[in-house]
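Spelled out, the chains give:
2 protein chains.
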Amino acid sequence: MKTTQLTAEILRKKSFLCVGLDVDMDKVPSAFRNSPTALVDFSKAIIDATVDYAVAYKPNLAFFETYGVEGMAALKEVIDYLNAKHPEIFTIADAKRGDIGNTSTRYAKAYFETLGFDSITVAPYMGKDSVEPFLAFKNKHTILLALTSNPGSNDFQRLETNGKPLFQSVLETAKTWEGSDQLMYVVGATRADALTDIRKIVPDAFLLVPGVGAQGGSLAEVATYGLNKEVGLLVNSSRGIIYASQEEDFANAARRAAKAMQEEMALLLAQNNLI
Amino acid sequence: MKTTQLTAEILRKKSFLCVGLDVDMDKVPSAFRNSPTALVDFSKAIIDATVDYAVAYKPNLAFFETYGVEGMAALKEVIDYLNAKHPEIFTIADAKRGDIGNTSTRYAKAYFETLGFDSITVAPYMGKDSVEPFLAFKNKHTILLALTSNPGSNDFQRLETNGKPLFQSVLETAKTWEGSDQLMYVVGATRADALTDIRKIVPDAFLLVPGVGAQGGSLAEVATYGLNKEVGLLVNSSRGIIYASQEEDFANAARRAAKAMQEEMALLLAQNNLI
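Read top to bottom, the protein sequences are chains A and B.
Going by my numbering, the first sequence opens with residue 1, and the numbers climb by one from there.
Going by my numbering, the second sequence opens with residue 1001, and the numbers climb by one from there.
Hints listed in this document are in silico derivations from the structure and should not be mistaken for laboratory results.
Possibly wrong hints are sitting among the right ones.
Below, computed lysine-lysine pairings styled on DSSO-like, alpha-carbon distance capped at 30 Å [unchecked claim]: (1) K1164/B to K175/A; (2) K1140/B to K164/A; (3) K1259/B to K1002/B; (4) K164/A to K109/A.
Stretch by stretch, here's where chain A covers chain B in the computed footprint (C-beta under 8 Å, at least three residues) [what the hints assert, rightly or not]: (5) 1056-1063; (6) 1068-1079; (7) 1121-1133; (8) 1150-1159; (9) 1166-1175.
In this text the structure is predicted, and so the values were computed from the model without any measurement.
Backbone N, C-alpha and C define an ideal beta-carbon position, used for all residues, glycine too.
Chain A extracted, bound-state conformation (with noise of 0.2 Å):
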């Protein structure tokens, strides 16, 4: 998918959201618990009732791995799922990944041809050659990693490195490789106060966005300092959508939950003069 598709998906829905499959089978409602297709049916039943108003899907892979064969059997027939009947949909493999040369290849092949995700978070800390291959796979993305929103981005992220943050010494390094127009961005929004900063770097790139919601980030301020003419935010919600009821009416709560958010969204893209 061209980041140009998922601008127009964006003006479209009038939403920027993306809704993180992060499937924990101790959270699941409890008709789901015993059952062995409960990671592929929980997920279905997510992505029904919040499509409408979602404009991304970020399987977790981590839940998905902890099942070992079944859970990775699980994973592509949720991603051929969203392929099949939402193509519209940016789907983001969620897996942080990163080695060097042929491996980072590899890494791009398995989310990229054999899952067939449009895109892939990557960690930066191997370097240019260990994200570059993921670049040169054409009209899919690579979401580096910047700025997370857990605590523990203080210990490396924010080291001063030539006089400024390693986050940002990440991004202005980031933008000068070769295929650097594939890259999006992790930046947490617990910390909107360096979405200027950031902007400033990389005033065009997609910036994705974690920690609204149960995290404590704001939504309103992310969009105040996040976003730029082409939109160039997807922000994503896991728990305070997948687990907004975890009871029988999980789904509807879900889709409640997507649509306030979908509503709030509308109201600050037009306040931004996008829609």
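Once you've looked at the hints, dock chain B against the given chain A.
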């Protein structure tokens, strides 16, 4: 497995060799290329051929994930084979994972429990709360990327932070984390000059050293600067062993290559009064 058991096995075999299973279907002998079970068959053949001279095996997850569900099933077969037939072998999931708290716990369960590896490689970028969940698993080991052997390691790992390169900050910070006695560190052999500094910070930890052989690192240099009183080293070789020959004699060639490394290691262990 406890590190004391790993050290005992190193002293028994007079080897600190780890064989990297980066099984590339384009490079395996032609007899394997069209077989649906080639990943497993080739891996088992390499293990059988080299296990007299190696103390650890390191499947590279990308080369399995690239085949999707079948690849994960193959990985499961390989690790089950190692655990059943060679329980004395230290197993490393070369996965380079890392994510926020509950997600890292799922990755840890995937590799330590569902698959049964002794250890996993983890990227440090997201900090403390992305690594500590792995350290909560007793007798399991987390091998943190410190200084890697690829050119891109210069992009961020060597940036100056607080008057020292980032990788030194990573080591100094990581050793303060809860459960840090279960940490090991990746240090590329192409950086043998940095080993002296690293040993000052983590004198007792095991170091996993890739980059000897194909990437140009020197085993003698790594031993000189990296060995500690409990050996404290695992040196990985992938291509130099598993593709020593790409013809029918691949198993014998792999065995000879592993034996040659073991013999050099035995000499280095003796020179350092460890055996």
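Hints, one by one, checked against the model:
1. K1164/B to K175/A: holds, 25 Å
2. K1140/B to K164/A: violated, 36 Å
3. K1259/B to K1002/B: holds, 25 Å
4. K164/A to K109/A: Violated, at roughly 34 Å.
5. 1056-1063: Since 3 is at least three, the answer is holds.
6. 1068-1079: Since three or more residues must qualify, the claim that chain A covers the region 1068-1079 of chain B holds, with 6 doing so at under 8 Å.
7. 1121-1133: Since three or more residues must qualify, the claim that chain A covers the region 1121-1133 of chain B holds, with 9 doing so at under 8 Å.
8. 1150-1159: Holds: 9 residues of the region 1150-1159 of chain B have a Cβ under 8 Å from chain A.
9. 1166-1175: holds (count 4)
Checked against the numbered hints given earlier, this structure breaks hints 2, 4; the rest are met.
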